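Visitor: Each chain, written out:
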Amino acid sequence: MKPRHKRFLLIGGGLTTLAVAAGLVLSAFQKNLVFFFTPSQIAAKEAPTGKRFRIGGMVEAGSVKRQADGVTVRFVVTDTAKVVPVEFRGSLPDLFREGKGVVAQGQLGQDGVFQADEVLAKHDENYMPPEAKHAVDQAQKAAKTVIQ
Amino acid sequence: MKVELSALTTSPQVKQVNNAASERIHWFWFASPQTFYPLAGRMVPWFVWLAVLLCIAGTYVGFFIAPTDAQQGDAYRIIFLHVPAAWMSMFLYVVMAFWAGVGLVFNTRLSSMLATAIAPTGAIFTFLALWTGSLWGKPTWGTWWVWDARLTSELILLFLYFGFMALQAAIDDPRRADRAGAILALVGVINVPIIYFSVVWWNTLHQGASISMKSAPTMAMTMLLGMLLMALAFWMYSLATILSRVRSIILEREWHTQWCKEEIRRAS
Numbered sequence: 018m019k020p021r022h023k024r025f026l027l028i029g030g031g032l033t034t035l036a037v038a039a040g041l042v043l044s045a046f047q048k049n050l051v052f053f054f055t056p057s058q059i060a061a062k063e064a065p066t067g068k069r070f071r072i073g074g075m076v077e078a079g080s081v082k083r084q085a086d087g088v089t090v091r092f093v094v095t096d097t098a099k100v101v102p103v104e105f106r107g108s109l110p111d112l113f114r115e116g117k118g119v120v121a122q123g124q125l126g127q128d129g130v131f132q133a134d135e136v137l138a139k140h141d142e143n144y145m146p147p148e149a150k151h152a153v154d155q156a157q158k159a160a161k162t163v164i165q
Numbered sequence: 039m040k041v042e043l044s045a046l047t048t049s050p051q052v053k054q055v056n057n058a059a060s061e062r063i064h065w066f067w068f069a070s071p072q073t074f075y076p077l078a079g080r081m082v083p084w085f086v087w088l089a090v091l092l093c094i095a096g097t098y099v100g101f102f103i104a105p106t107d108a109q110q111g112d113a114y115r116i117i118f119l120h121v122p123a124a125w126m127s128m129f130l131y132v133v134m135a136f137w138a139g140v141g142l143v144f145n146t147r148l149s150s151m152l153a154t155a156i157a158p159t160g161a162i163f164t165f166l167a168l169w170t171g172s173l174w175g176k177p178t179w180g181t182w183w184v185w186d187a188r189l190t191s192e193l194i195l196l197f198l199y200f201g202f203m204a205l206q207a208a209i210d211d212p213r214r215a216d217r218a219g220a221i222l223a224l225v226g227v228i229n230v231p232i233i234y235f236s237v238v239w240w241n242t243l244h245q246g247a248s249i250s251m252k253s254a255p256t257m258a259m260t261m262l263l264g265m266l267l268m269a270l271a272f273w274m275y276s277l278a279t280i281l282s283r284v285r286s287i288i289l290e291r292e293w294h295t296q297w298c299k300e301e302i303r304r305a306s
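Protein sequence lines, in the order shown, are assigned to chains A and B. Residue numbers for the first sequence follow the numbering used here, beginning at 18 and rising by one. Residue numbers for the second sequence follow the numbering used here, beginning at 39 and rising by one.
Only chain A is shown next, with the shape it has when bound in the complex (with noise of 0.2 Å):
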């Protein structure tokens, strides 16, 4: 075997080794690395209780209200299976929407209501121009209608 040949072996199992350790320590972290938690994991007490923490799903449509003091905005995290009921004081993102996806970062109160801090629009990868969009709503409209 010439040295380089060595060597070559030497590196690669090398790095054969360090994606292996790699890979443990990642798995290991899986649940530590979550940037939130969904209202689904939040229902099966997953999410830390007494701890900041952040949550993440679609605003549900049509849940948006803003209270009488005009600062404070309650809306509903869903991710379609459970749903969290979430409040916030204070400016929401341009891209906050109704149906889009949202994290928030608070604490989950004791009336399981959850007193967020900050309110971060989480935008899909989704990227076309207002026509398409438009089409693409009178479509779902009209399927929902064929339903009906």
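Read the hints as simulated data drawn from the structure, not as lab findings. The model shown is predicted, which means the values in this text are computed figures rather than measured ones. Just so it is clear, CB atoms sit at the ideal spot from N, CA and C, and this is done for glycine as well. Some hints could be false.
[To be verified] Here are some of the chain B residues that sit facing chain A, going by a computed Cβ distance under 8 Å: (1) P158; (2) P177; (3) V238; (4) W240; (5) N241; (6) T242; (7) S286; (8) L289.
[To be verified] List time: in silico DSBU-like cross-link candidates among lysine-lysine, alpha-carbon distance up to 35 Å: (9) K23/A x K68/A; (10) K82/A x K62/A; (11) K117/A x K299/B; (12) K68/A x K299/B; (13) K99/A x K117/A; (14) K82/A x K68/A; (15) K176/B x K99/A; (16) K117/A x K62/A; (17) K23/A x K62/A; (18) K19/A x K68/A; (19) K62/A x K299/B; (20) K99/A x K68/A; (21) K176/B x K82/A; (22) K82/A x K99/A.
[Unchecked claim] Counterexamples of contact, computed for chain A against chain B with all Cβ distances above 12 Å: (23) K82; (24) G126; (25) K139.
Chain A is fixed; fit chain B onto it per the hints.
Guide: Structure of chain B alone, referenced to chain A:
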């Protein structure tokens, strides 16, 4: 081939080595710094012009032809810089680690020089991806920065580039610097799949990929065109800067050879 070789090479030692190599495998011809230097010099202007033209075309499509996004309005136009920059940052790291690894295994000088030349360009693209992403994040997400898996792993990539450059700069002997840098580059390559798949493996604030091998892109065609033009422009820019940087590195490291001295005399 042999006639050309003996005409080009000056020191008898180099001639012997090159002849021995060329008898077996001809494609190592350009692996020598002396033959690669003029080749790179001829290629650089082409890549510069291609980069300029593609960049103009991409910017034009991005600003004037691509429609506004239904959700984000015009803020989405950052993708014409952000996405190609992020692609290049990851791709260049893999290429850098590859050449560093080849240099480590085969002791070929030019591969290590290439790895050294790639690092600054890769770092620039990583910084550009982070910076433009931050500018986009403020109006869209509502924050400049979050510690989610995608953003954090991309930041680690920037530190890996910086670490590679700092480590090589800290060691005076270039061959030892190459070896130390190569090990760092190879260990760091594990971060690239983590960046790429972070949005799949974990819940992140960063959205998933709009373009993948498996499914049709989830964006309008003209938007995609602008993005691909910019990606090509970044490729050409990278080739141009890396090749001209590797030429400087060759002169820096081989200055004591006869052909380098002649080259420097001719240039000055």
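Visitor: Taking the hints in turn, state whether each one holds.
Guide: The hints, checked one at a time:
1. P158: With a minimum Cβ separation of about 24 Å from chain A (threshold 8 Å), the hint on P158/B is violated.
2. P177: holds, 6 Å
3. V238: violated, 11 Å
4. W240: OK, holds: W240/B within 8 Å of chain A, min 5 Å.
5. N241: It holds, given that the least Cβ distance between N241/B and chain A is near 5 Å, below 8 Å.
6. T242: Nearest chain A Cβ about 5 Å off; hint holds.
7. S286: violated, 28 Å
8. L289: violated, 27 Å
9. K23/A x K68/A: violated, 52 Å
10. K82/A x K62/A: At roughly 27 Å apart (the allowed maximum being 35 Å), K62/A and K82/A satisfy the hint.
11. K117/A x K299/B: Between K117/A and K299/B the Cα gap is close to 64 Å, so the pair fails against 35 Å, i.e. violated.
12. K68/A x K299/B: Distance of about 67 Å is beyond 35 Å: violated.
13. K99/A x K117/A: holds, 16 Å
14. K82/A x K68/A: With a Cα-Cα distance of about 26 Å, the restraint between K82/A and K68/A holds, given a limit of 35 Å.
15. K176/B x K99/A: This hinted pair holds, its Cα atoms lying about 29 Å apart.
16. K117/A x K62/A: Distance of about 24 Å is within 35 Å: holds.
17. K23/A x K62/A: violated, 52 Å
18. K19/A x K68/A: violated, 58 Å
19. K62/A x K299/B: violated, 72 Å
20. K99/A x K68/A: holds, 21 Å
21. K176/B x K82/A: Distance ~24 Å between K176/B and K82/A Cα, so the pair holds.
22. K82/A x K99/A: Given pair K82/A, K99/A holds - Cα atoms ~19 Å apart, limit 35 Å.
23. K82: Check passes; 20 Å lies beyond 12 Å.
24. G126: holds, 22 Å
25. K139: Non-interface label on K139/A violated, nearest chain B Cβ at 6 Å vs cutoff 12 Å.
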